[in-house]
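> Protein chains in written order, with my numbering: chain A, 1 to 702; chain B, 1 to 702.
A few of these clues could be false.
As the list claims (entries may be wrong) - Below are the DSBU-like pairs computed for lysine-lysine, each with C-alpha atoms no more than 35 Å apart in a straight line:
(1) B/670 x A/443
(2) A/373 x B/527
(3) B/670 x B/279
It is worth saying that the hints were derived from the structure and are not from the lab.
2 protein chains.
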Amino acid sequence: MGRRSRAHRSMPFWLFVFIVGSMALHAASRLADADEGMWLFNRLPNAYLRKKYGFEIDRAWAEHVMKASLRFSTGGSGSFVSPTGLVLTNHHVAAEILHELSTPERNLYENGFLARSRDEELRAPNLELLQLVSIEDVTDRVQAAVKPGMKPAEAARARQAAIAAIEAESTKKTGLFSQVVTLYRGKEYHLYRYRRFTDVRLVFAPEANAAFFGGDPDNFEYPRYCLDMTLLRVYVDGKPYRPEHYLKWSPRAPHEGELVFVSGNPGRTSRQLTLDALKVLRDHRFPYTLNLLRRWEILLQQFSLEGEEQARRARDDLFGIQNARKAYTGMLMGLQDPTILARKAAEEAALRREIGSRPELKDALHAWETIRKAQKTYVDILVDYALLERGFAFRSQLFRYARTLVRLAEEDQKPNTERLREYQDALRPRLLQQLYSPAPIYKDLEVVKLADGLSLLAETYGYDDEFVQKVLQGKSPRQRAAELVDGTRLYAVRERKRLAEGGIEAIRSSTDPMIQLALLVDPRARKVRKRYEEEVEEPEREAYARIADARFAIRGTSEYPDATFTLRLAFGVVAGYQEDGRRLPPWTTFRGAFEHEARHRRKEPWVLPESWHRARSKLNLDTPLNFVATPDIIGGNSGSPVVNRDAQLVGLIFDSNIYGLTADYIYSEKRARAISVHAHGIIEALRKIYAADHLVRELLAE
Amino acid sequence: MGRRSRAHRSMPFWLFVFIVGSMALHAASRLADADEGMWLFNRLPNAYLRKKYGFEIDRAWAEHVMKASLRFSTGGSGSFVSPTGLVLTNHHVAAEILHELSTPERNLYENGFLARSRDEELRAPNLELLQLVSIEDVTDRVQAAVKPGMKPAEAARARQAAIAAIEAESTKKTGLFSQVVTLYRGKEYHLYRYRRFTDVRLVFAPEANAAFFGGDPDNFEYPRYCLDMTLLRVYVDGKPYRPEHYLKWSPRAPHEGELVFVSGNPGRTSRQLTLDALKVLRDHRFPYTLNLLRRWEILLQQFSLEGEEQARRARDDLFGIQNARKAYTGMLMGLQDPTILARKAAEEAALRREIGSRPELKDALHAWETIRKAQKTYVDILVDYALLERGFAFRSQLFRYARTLVRLAEEDQKPNTERLREYQDALRPRLLQQLYSPAPIYKDLEVVKLADGLSLLAETYGYDDEFVQKVLQGKSPRQRAAELVDGTRLYAVRERKRLAEGGIEAIRSSTDPMIQLALLVDPRARKVRKRYEEEVEEPEREAYARIADARFAIRGTSEYPDATFTLRLAFGVVAGYQEDGRRLPPWTTFRGAFEHEARHRRKEPWVLPESWHRARSKLNLDTPLNFVATPDIIGGNSGSPVVNRDAQLVGLIFDSNIYGLTADYIYSEKRARAISVHAHGIIEALRKIYAADHLVRELLAE
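This is chain A alone, in the form it adopts within the complex:
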């Protein structure tokens, strides 16, 4: 997903990590009567589809849709949609490209782009598209590498070696990019071969105001009215690529209740969480995180009110926080919906019954107790962990640099394997890249954020607490923050380099106040991290593995694996839903977009582009613009094509509604919906708003 992506993949990484913590990415779950699942293309749920929809996916259909689908290196999905290599994806998946291709004179992100001819198509400098062309189960070969008597670490190394060999061999043999994907938490290994496209050119993008109409307030909401699309074209050898498989435009709009499919690359799910763990999210972790997010949101809002420049400085941070706040609100709301947790409870109870009935698996039942205990510990240390180890009490880039420098020096005293994981050699390049980043640091924003963090520290432990007083040194949070930010020299990349290269001696002899603060905080932070790793992370890892083993033993591959940012097929129906006693329609129209704009008196972010207003009289205002459907999607699915039984394109995924935010850990079709741009809306807009008839002809060509 792109820079301003909608789904929660876009939350700041530290936040994502904060919540998701150590949740292993594995296991699977499924209730027989729901349209759940992100299915492997080589293992499609035909029995279910046949029974519920009287439809079966044959090999040709699967191959066609699979090969028409694309994965974007910017972190989203897309598809071939014309015989001459046009690719359809979201505006927000292409946002990075649009920014890169913009010049001070020509802002393509804001104002859109249309190539009137192929000569005008603009090559994206850093974009790679992957087309999955084959899947091969290599589980046996990978597992064969593990010899009896090997210790876990040896076994892991042996498996890694086997995987590397398989990938190298495949690449050599086929010339295709080859990747072994670990599925079902290492129960299966599949070799994915991709064709790579690196010459990709921009053909059409609407204005940001059309693509992201309604902005952040409408994000995760429905009804929606976004033309969140971009067209690119793949070139090979300097000529438009002629794909063997591309999706044809459906001449017919899908009706309510119609079966549709989504082919794309869901990023990551964690559906194995136990009921206890979900309840801890619901009653402790999400509420705590939401309080912090609201705190930061108000803080940055206030800072932004000080002026345009301040607003600019805080913008990215504020967007990320608002997006995360909205996502967490939705996730919490989902967990507070008893019908959703009841499903999870029923499913878990059924699994436990089955496990209990099989003596060889029975031991796995203890795993739930282990997780319950670990979560209890996590609740105990949640606040300490957040403030000290995650560093939320010191929310300053300068402090983060200081802490990295301190830990780097300390960890480098140890053998590689004994270090904290992010300080091990393998991650060193990334660590140094971050540490030496020339990104600007704004003193005023640093002071405001750090002062707020220090206040949070004082509010949490009590202002008179000994540790708090050591941190504050008898000053108010505001004063202390100003003093730290004024006093440090870590602004300069040169100084950070000097300290990093000087090792432990340079750190110990440093008089930089931020380094000294990091030295003061670190022992406490390490202590709570140790407790987390030893009493939460490790026991849980082992316990979830045991549950996954048992589940696999019982259900085998009749379940889908957790998302791995590889190609999957989801399915469901086009369907509106109930909200607060009103029925939301399955689709919206252009008329609705103009009405929505009028309702908000054409105030930002509800301003449709001039081009829309000029074209208004020509538009068929009843043409559908967006629609909602039940397929199981998540971040990474942005840009996925939606197709009907005939494998014809009917839509383009661009968002989930707020109820869909629980998809991380549980699927629901009650109100959770994938939101798509309607294929007919795209044609109407291209034709009547953007005068792109040449593209329409290409898209609708037989």
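Keeping the supplied structure of chain A fixed, place chain B upon it in accordance with the hints.
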């Protein structure tokens, strides 16, 4: 203070009560080296003034300033400023009047008003101004009513009777409105006689955009640029009143460091709080309240984003919450400033030493321990009290009605004196007025607020908690809220009346879901309230009284009493201050206002009126507009005149800066500042922007 007043008096009453709780309003404190104090006009700090400023207030000066000062029935202050009865106050003190005098065609609040001649002056329908004309110490007479051997309740009644007799006698004798004011927590009783003015007419008001330039974001901030003024005129017998005492305009602007005085009616202070109690505010009560405020602010912001009408519905609530959030942020920041609490600690230590050295007072030392214990209990029950008794888990007007109806029925079963205080007969008219209010109730907003409250309940006690489940009845917070709001009939005043008049039988047989919810919640709410009253409120009342007695015995009347919304004199100097390493100037100018507007690109709320832009070239842009000074003020002081040694008008109080928000419980001159409109700025604006030369001539008349 008016509708959109700046200081924290404007926070919603329930919030104010939440924080201030049962703090008795009494006692006094003072350090010898600070310009602290809200002094009685009959007991001015001349010794201090003489020593520090070489200035002494004589009788004539005091009488002149006292009689030129006015108290507004809308809750602010003002002063006579011309020989023909012109009165100067704030735009926000007059806001209610401006709204009342507006018509659909003519919005005087937004667009301002200027009477070109006396004929055009508009009479305010509901305004009363009080001019204090004499103060008499009647302590002996009140105390004489108490006979030896009387029980406390008898003594109180006897005192009340004596006060009523004194007031009645004075009114009869003088024809003046007479009021006995209780000072120093009943140690003294002074008889205040007022002249009442009820024919008050609007003469001039600037546009809201000039008066409230910078809006909520600039509220409590400095530098500021607000022309927060209004001119009224007092009429008696249909003719302009010619006051014996009015303030003359100073021809000279005050210089930095110049001694100035503020004569006005500070509303209420609580400066007797012990250090322990302040620390509980700092470490527990303020942080908890701030979390709630930020939660509600984000909630209402999101609701407001849904549309213009939603924004309108949420506006008042949102303004109140933002104002409170800002106020609490400032108050917390003050308490986290160690230099401020250090002063308090030193003062308390000194007092305790003195008490300890006098055997007859020694017992009072236990009072601190009592308060410490009571505050510990308060911390324990803080959350329960907030959610259940304050009702923050049920933040819905409909629920409040339901709870009032339930309690009314139950309390009316008891003898009057045994009821909860707000259900006693004396308060019945006010209770019924609120209960039968025809104010509109918005279903959508009710659902959103109630759902959020129910979610807060679930987050606090855990979703699976038995009580929470009884409240939610197996539904999600959102669903349950919608069901409650849809199902209740308490929208109708008629229905509320029917239930109120039906008494306990009507309540018991009601099937209204909101009534049933109130019945479910009430036993728990009453339990925590009882604990609060018995273990916090009562012990503290008694303990603070003991400390006050001891303090009085030691210091007597060399201290000022806590604010009582009666006329006081404060003093201090015009002075800028340091903030985040930069020096803020003692005053701002018209030039600064335009620059401030430009810095914010003339976006709301930084939009100066057209009249200002038209007049720009004529203005002397270096004329001072606002200034800051150190006098000790608080809510109620809005509209107070600021005068120099010559009792000439130099400014008009309209706000405190954010550091001044601690004034509730502690005075500081480090950064806390009163913000005034500069007298010269007023003249410049009247002359060149508003073409009100006739008023200027009147104001500057000798």
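> Straight-line Cα separation of residue 670 of chain B and residue 443 of chain A no greater than 35 Å?
holds, 24 Å
> Would the pair residue 670 of chain B and residue 279 of chain B pass a check requiring their Cα atoms to be no farther apart than 35 Å?
Since the Cα atoms of residue 670 of chain B and residue 279 of chain B sit roughly 20 Å apart, the hinted pair holds (cutoff 35 Å).
> Residue 373 of chain A and residue 527 of chain B: Cα distance at most 35 Å?
holds, 33 Å
When the structure is compared with the earlier hints, no violation turns up for any of them.
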